[in-house]
Amino acid sequence: MGRTGRIGPSGSFSAKNQDMAVDALSTGTTQLSSEARSRSRRLAVRHFKLSLLLPLIALFAFLLMPVLLLQLYFSFHQWTVYLGSWSEADFVGLDLFREVLTDPRFGWAIVRSLAFAISSTLGCFVFGFLLAYLMYKPFRGQAFFYIIFILPMLTVPVVVAYTAEMMLYQSGPINDLISRIIGVDFKPAWLSNPDIALATVALLEIWNWTPFSFIILLAGLSAIPKEPIEAAEILGASRWRIFWEVQLPLLRPVILLALVLRFLEAMAEFPKTWALFQGGPGSATETLPIYIFMTTWQYFQISKGAAMSYIVMLLMIVIVLIAIHLLRREKRSLDQMYEMRAKEAEA
Amino acid sequence: MSRSGFSRRTFLQGSVGLTVANFVPGTTPFAHAATMEEQTIAAAKAVGKADVNGMIWSPYLVPMKPVIAEFTKETGIGIGAVQDISIFDAPQRAMAEALSHSPQFDFIHIDSNMIPSLASAGYLEPLDEYIKKAGFQLDAVADYGKFMKYGGQTFGVPTDGNVHIQYTRKDLIDNPDNKKRFADKFGVELKVPETWEDNLRLQEFLMDPSKDLYGSGNLRNRANGPTWWYMIFYSAGGFPFDDDMKPTLDTPAGQYAVDLYLQDKKVNHPEAANWGTPQMIPRIAQGHVVSCQYWDGTCKTIANPKQSKTVDQFYFSLVPGSKFTGKMVHRSISSPLAAILINKYSPRKAQAAYLALWLGSGKNSIPIVSDPVNAFNDAWAKEHMKAEPVLKAYTPEGIKAVETNFQVVAPPIYLTGYLEFQDALGKNLSEAYVGQLPGKDVLKKTENEWNAIIGRIGRSKLKNDLASYKAVMPTKAVPT
Chain A
1 MGRTGRIGPS
11 GSFSAKNQDM
21 AVDALSTGTT
31 QLSSEARSRS
41 RRLAVRHFKL
51 SLLLPLIALF
61 AFLLMPVLLL
71 QLYFSFHQWT
81 VYLGSWSEAD
91 FVGLDLFREV
101 LTDPRFGWAI
111 VRSLAFAISS
121 TLGCFVFGFL
131 LAYLMYKPFR
141 GQAFFYIIFI
151 LPMLTVPVVV
161 AYTAEMMLYQ
171 SGPINDLISR
181 IIGVDFKPAW
191 LSNPDIALAT
201 VALLEIWNWT
211 PFSFIILLAG
221 LSAIPKEPIE
231 AAEILGASRW
241 RIFWEVQLPL
251 LRPVILLALV
261 LRFLEAMAEF
271 PKTWALFQGG
281 PGSATETLPI
291 YIFMTTWQYF
301 QISKGAAMSY
311 IVMLLMIVIV
321 LIAIHLLRRE
331 KRSLDQMYEM
341 RAKEAEA
Chain B
1 MSRSGFSRRT
11 FLQGSVGLTV
21 ANFVPGTTPF
31 AHAATMEEQT
41 IAAAKAVGKA
51 DVNGMIWSPY
61 LVPMKPVIAE
71 FTKETGIGIG
81 AVQDISIFDA
91 PQRAMAEALS
101 HSPQFDFIHI
111 DSNMIPSLAS
121 AGYLEPLDEY
131 IKKAGFQLDA
141 VADYGKFMKY
151 GGQTFGVPTD
161 GNVHIQYTRK
171 DLIDNPDNKK
181 RFADKFGVEL
191 KVPETWEDNL
201 RLQEFLMDPS
211 KDLYGSGNLR
221 NRANGPTWWY
231 MIFYSAGGFP
241 FDDDMKPTLD
251 TPAGQYAVDL
261 YLQDKKVNHP
271 EAANWGTPQM
281 IPRIAQGHVV
291 SCQYWDGTCK
301 TIANPKQSKT
311 VDQFYFSLVP
321 GSKFTGKMVH
331 RSISSPLAAI
341 LINKYSPRKA
351 QAAYLALWLG
361 SGKNSIPIVS
371 DPVNAFNDAW
381 AKEHMKAEPV
391 LKAYTPEGIK
401 AVETNFQVVA
411 PPIYLTGYLE
421 FQDALGKNLS
431 EAYVGQLPGK
441 DVLKKTENEW
451 NAIIGRIGRS
461 KLKNDLASYK
471 AVMPTKAVPT
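Heads up: the sequence lines are chains A and B, in that order.
For the first sequence, the working numbering assigns the number 1 to the initial residue and increments by one for each residue that follows.
For the second sequence, the working numbering assigns the number 1 to the initial residue and increments by one for each residue that follows.
Quick caveat, the hints were computed from the structure, so don't treat them as lab data.
All clues given are correct.
Pairwise CB distance ranges, derived in the manner of DEER restraints:
| hint | chain 1 | residue 1 | chain 2 | residue 2 | range |
| --- | --- | --- | --- | --- | --- |
| 1 | B | G435 | A | P249 | 46 to 56 angstroms |
| 2 | B | K444 | A | M167 | 37 to 47 angstroms |
| 3 | A | D195 | B | P305 | 35 to 45 angstroms |
| 4 | B | G435 | A | L122 | 25 to 35 angstroms |
| 5 | A | M166 | B | P305 | 15 to 25 angstroms |
| 6 | A | M166 | B | T325 | 43 to 53 angstroms |
| 7 | B | P305 | A | F139 | 50 to 60 angstroms |
| 8 | B | T248 | A | L326 | 49 to 59 angstroms |
| 9 | A | L122 | B | K170 | 49 to 59 angstroms |
| 10 | A | I147 | B | K444 | 53 to 63 angstroms |
| 11 | B | V82 | A | S85 | 28 to 38 angstroms |
| 12 | A | I322 | B | A81 | 44 to 54 angstroms |
| 13 | A | M166 | B | V82 | 20 to 30 angstroms |
| 14 | A | F270 | B | P305 | 38 to 48 angstroms |
Some chain A residues judged to face chain B by a derived CB distance under 8 angstroms, without partners named:
| hint | residue |
| --- | --- |
| 15 | Q170 |
| 16 | S192 |
| 17 | Q278 |
| 18 | W297 |
| 19 | F300 |
| 20 | Q301 |
Just so you know, even glycine gets a beta-carbon here, dropped at the ideal spot from N, CA and C.
Put together the whole structure using the sequences plus the hints.
See the structure below:
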């Protein structure tokens, strides 16, 4: 409305002024209709977004929410499978949460899960990054290697476990191969030594899921703008310096995303650990998913299992919130960097 | 009557005479009495045709298929959808079915030690009425049939005896050089062991890891380990609970069993801590083991030249016993004892029940238990013990061992909450075996955990279960 017609200094309308007023009115109308159009476009976009989210909202409301509510009910009610219906279970308040939080087995399960998730996530990241760095520049036969590298991710985890079981015996092919390569008798008992059993699963997890990190990091590396790298090259920076001071900082949000997603997945690892160890030898591989499964489906302590699941869910929510916060911070710092660069270019 | 030349008196006298003759041993009855199998078919026909759905592991199902096909031909009752699930994973799945009162499966094939838990969760259909209508008799060896009962009702039909027998390497203990060295060292004859201590000594003496020959082939993993512990514990006079359902593990008998159990580490393969049957059976059959107590089906594997390098190289016999109580007591074990149980919520429970009875007839199950390749279903019926195909598959010596061990066979814990009790013990034994827990703490820790389980399930409920548990325990100290 800032450009509407003005009344002349004499206070009377000249013909010219009249024309201007008509012009101004018509401009105002045009602006009004354009605003309406933009509002309706915004509304359409919102409807479109909502329609995309609707299946997810429906899934949450009708499938996940009832389960979460039922689980919440169980975690506040002590239900023994053999003594009556679940609807008659006794209300026990926070007793089950207290029981879980003071259960040393649960504490150890958290420690094992964290150790497993951190080590396997880092392993996946390191190998995934190496592969991505080798692959991000086009070369002849790239598609072939790409397929080869993602194959482990396409293998069902239980199959990974059973295949590994056949190969990881003390006198099995893996130890034999390593012994031949290094020329020393290499005989770790991957499957029966409680000190390395969890590490065995972590190694299998790394083998199984490195491709996941590889795909994310490859996409991230390929998306890095070429200009800063070219500029650094012109300035005579070494490859290592370009990598350390240009590529890596630009890749930070993607790295964080790859680490977070992998960590969350690793915390929930069940099939390989169960197929290979069922929590043993001793209790060396009794991670959170294994202990929750055993409590719920081996011991049929549905209520305690529900309380455990809630505690783990809260733990994961905290981790996810921290991750989102870090990701936002990374994104902000990158945006600022790009803005600064744009301003510098303009100047 | 007069027209036919018979007087009324003559006819009556003749009738009485024939009736009496019918009961005289060795005379052939004039009227053809329907066999148990015929009665089962008649009863099944009365409930109508159906395809029943079940949860069963394929190695168990495969040899049953021809027997089921015969039943389908006669009655129209056959197998529909099958969930192929390992017998070790089936309890969790079955319990989930029980909790949801799901009618999805008409029958489940599962470890019969789950009967108390599943019956307590209201999932199982009692079979006594069907048994009566079909004139069915569970023709099990010794008191093995009792394993199907809980709270005075019958809930299962066995398909697999799974009794443990002793395997001792014939070629090693009959070797004259070994015999002489053993006699020189210990002053006694080298022979099939009678006690647990004899067994351990023999294993230590004959093992030679440099030739990949280990003394023991027993399982020591978390899931299976307790099975072996129970044999020693029971034979030492132990029983896990008193009449008030207080755990009685931490006793001299219990500690004796733990000590012997852990000593196996000296003679077993270094990786035994996590080995199950898929690893151990090939080692036994390929000749890498001196002796062990193992499931009877391994007889079939050993006797099958396509699967074994030790044909005729094993003695099959009674498991070792103990003189811990002052007199010799032998206790074998059957676990998991695979049986067919029927879902109470199934709309086809009658059809499923009659199919189970058909499969559970001693005569019908001969081809099932004698399959030399799918060796999971092991002999259990009296009729199996003399059937030619069974004797051929197990060898006569093997069947004799099976029959002998059945006389002293016990279950592991036969109570509601079986898996929970079992895992607490299994975890602690496994921790001790791998050095995470001192051996002296195993039983105290297990008792504490068992007390918590008892508190959760309810002492009074478990006290009621205790009668069923005691009823399935063997009464003989030594087989006759």
